[in-house]
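Protein chains: 2
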Amino acid sequence: MSKPCIICVAITGSVPRKSDNPAVPITLSEQVESTHAAYEAGASICHAHVRNDDETPSSDPEKFARLKEGLKAHCPGMILQFSTGGRSGAGKERGGMLSLRPDMASLSVGSNNFPTRVYENPPDLVDWLASEMLTYQIKPEIEAFDLSHIHQAAKMQADGRLAAPAYVQFVMGVKNAMPADRDVFDYYVRTMARLLPDSEWCAAGIGRHQIEVNEWSVAAGGHART
Amino acid sequence: MSKPCIICVAITGSVPRKSDNPAVPITLSEQVESTHAAYEAGASICHAHVRNDDETPSSDPEKFARLKEGLKAHCPGMILQFSTGGRSGAGKERGGMLSLRPDMASLSVGSNNFPTRVYENPPDLVDWLASEMLTYQIKPEIEAFDLSHIHQAAKMQADGRLAAPAYVQFVMGVKNAMPADRDVFDYYVRTMARLLPDSEWCAAGIGRHQIEVNEWSVAAGGHART
Ligand SMILES: [Zn+2]
Ligand SMILES: [Zn+2]
Ligand SMILES: [Zn+2]
Ligand SMILES: [Zn+2]
Chain B
0 MSKPCIICVA ITGSVPRKSD NPAVPITLSE QVESTHAAYE AGASICHAHV RNDDETPSSD
60 PEKFARLKEG LKAHCPGMIL QFSTGGRSGA GKERGGMLSL RPDMASLSVG SNNFPTRVYE
120 NPPDLVDWLA SEMLTYQIKP EIEAFDLSHI HQAAKMQADG RLAAPAYVQF VMGVKNAMPA
180 DRDVFDYYVR TMARLLPDSE WCAAGIGRHQ IEVNEWSVAA GGHART
Chain L
0 MSKPCIICVA ITGSVPRKSD NPAVPITLSE QVESTHAAYE AGASICHAHV RNDDETPSSD
60 PEKFARLKEG LKAHCPGMIL QFSTGGRSGA GKERGGMLSL RPDMASLSVG SNNFPTRVYE
120 NPPDLVDWLA SEMLTYQIKP EIEAFDLSHI HQAAKMQADG RLAAPAYVQF VMGVKNAMPA
180 DRDVFDYYVR TMARLLPDSE WCAAGIGRHQ IEVNEWSVAA GGHART
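Note that the protein sequences, when read in sequence, are chains B and L. As numbered in numbering that gives the first Met the number 0, residues 0 to 225 make up the first sequence, in order. As numbered in numbering that gives the first Met the number 0, residues 0 to 225 make up the second sequence, in order.
Derived by calculation from the structure, the hints in this document are not laboratory data. Note that the structure is a prediction, hence the values are computed from the model and not measured. A few of these clues could be false.
Which copy is meant is left open, so a pair is good if it fits within one copy or across any two.
In silico lysine to any residue, SDA-like type, Cα no more than 25 Å apart, as pairs [said to hold, decoys possible]:
| # | residue 1 | residue 2 |
| --- | --- | --- |
| 1 | Lys-17 | Leu-133 |
| 2 | Lys-174 | Arg-160 |
| 3 | Lys-174 | Pro-122 |
| 4 | Lys-174 | Asp-158 |
Isolated chain B (complex conformation):
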């Protein structure tokens, strides 16, 4: 019996604007609409960012609250995952919406380079976000932008900073971070089996790598991020 494949839909992200792609959902009603279509098509997790009216990324808890309300009404049973990613705010702002108790939230446990800057996740912020997720019983999706992030997640689970079992997402294809490399993908899968044997994982290929990485992931027993 094959295990069910979880499809995780990232409806908006924090970067693309309407000028890049007029189909990017920006307003809350566009986001709810777009998520509902994915939900009907079988997606089971919604990874959500929110935006300001000028399309810039936001970490405003009020916007997250309204998104949660809309999605719970339109997509019953869908797992809602809030982004705590660094593009939407600085420091503890990034976790200001966790008290809304989404089902899941993204959690970066290490730092790495992005195309033009450092993606900063200082150790004390990581620990604080993880503790908020324990407090509000939110399941983290660990964003593994590099190999050591899987090791760090295993360590945090072993010492109680994260609840078991872990859910890890391999992020591949971000310029200046880990490329979409098949050998690394296979090693990530082996590392998960070795360090976090009861956990689940998924993989996200960024930009032109999306389809390829999804194929690797589904074939290897992981979940897929669109």
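Given chain B, work out where chain L with the ligands should sit, using these hints.
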């Protein structure tokens, strides 16, 4: 015929103070003295930081110039490697001494967490340090604190930002970065063979991992950092 093993001695580092270990060489004459002892014992590379009079790390080119002068006189033929690490300065300060044309300089090509902070190596700074090393014909020692840093070095060599062949150091055992993990070490070695087949590598285990990682490294055909 086995290839000669390069022993790289890091005489001072940027963190320990006299109060931690009275034997840490701080002044230039202490550094030259200590390096000379390692040179006599067979070390072939000296990885050097310089300090201010109050023992804090410095990036003062004048201090590096005097260190270079002292070492060239006392340890003829020893390879001198200047640190461009982030503890000694911010931004381009970190490379201000490269015009002194040391034989080598350390180069981080990605960012990662350190025990209490983010080790920030933004992409534009990495590219600038690499270009200075090309200009002054300095051989970089790539500091691989994580797996993607090896991929980044290979990419930078392929597109001409680094001169071939690469010399990579695996850094293991830093809290919140890559642990001293034997399986990862073996995968690093395979990754070097796959992505940078003509390169050399060494491995540094931090603190209590030093001896263990050196043993792995020498046994696997790499060089050793003390
Ligand atoms: Zn996201
Ligand atoms: Zn996912
Ligand atoms: Zn150093
Ligand atoms: Zn070395």
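Consistency of the hints with the structure:
1. Lys-17 to Leu-133: neither (36 Å within a copy, 41 Å between copies)
2. Lys-174 to Arg-160: between (30 Å within a copy, 15 Å between copies)
3. Lys-174 to Pro-122: Both: 23 Å inside a copy, 10 Å across copies.
4. Lys-174 to Asp-158: between (32 Å within a copy, 14 Å between copies)
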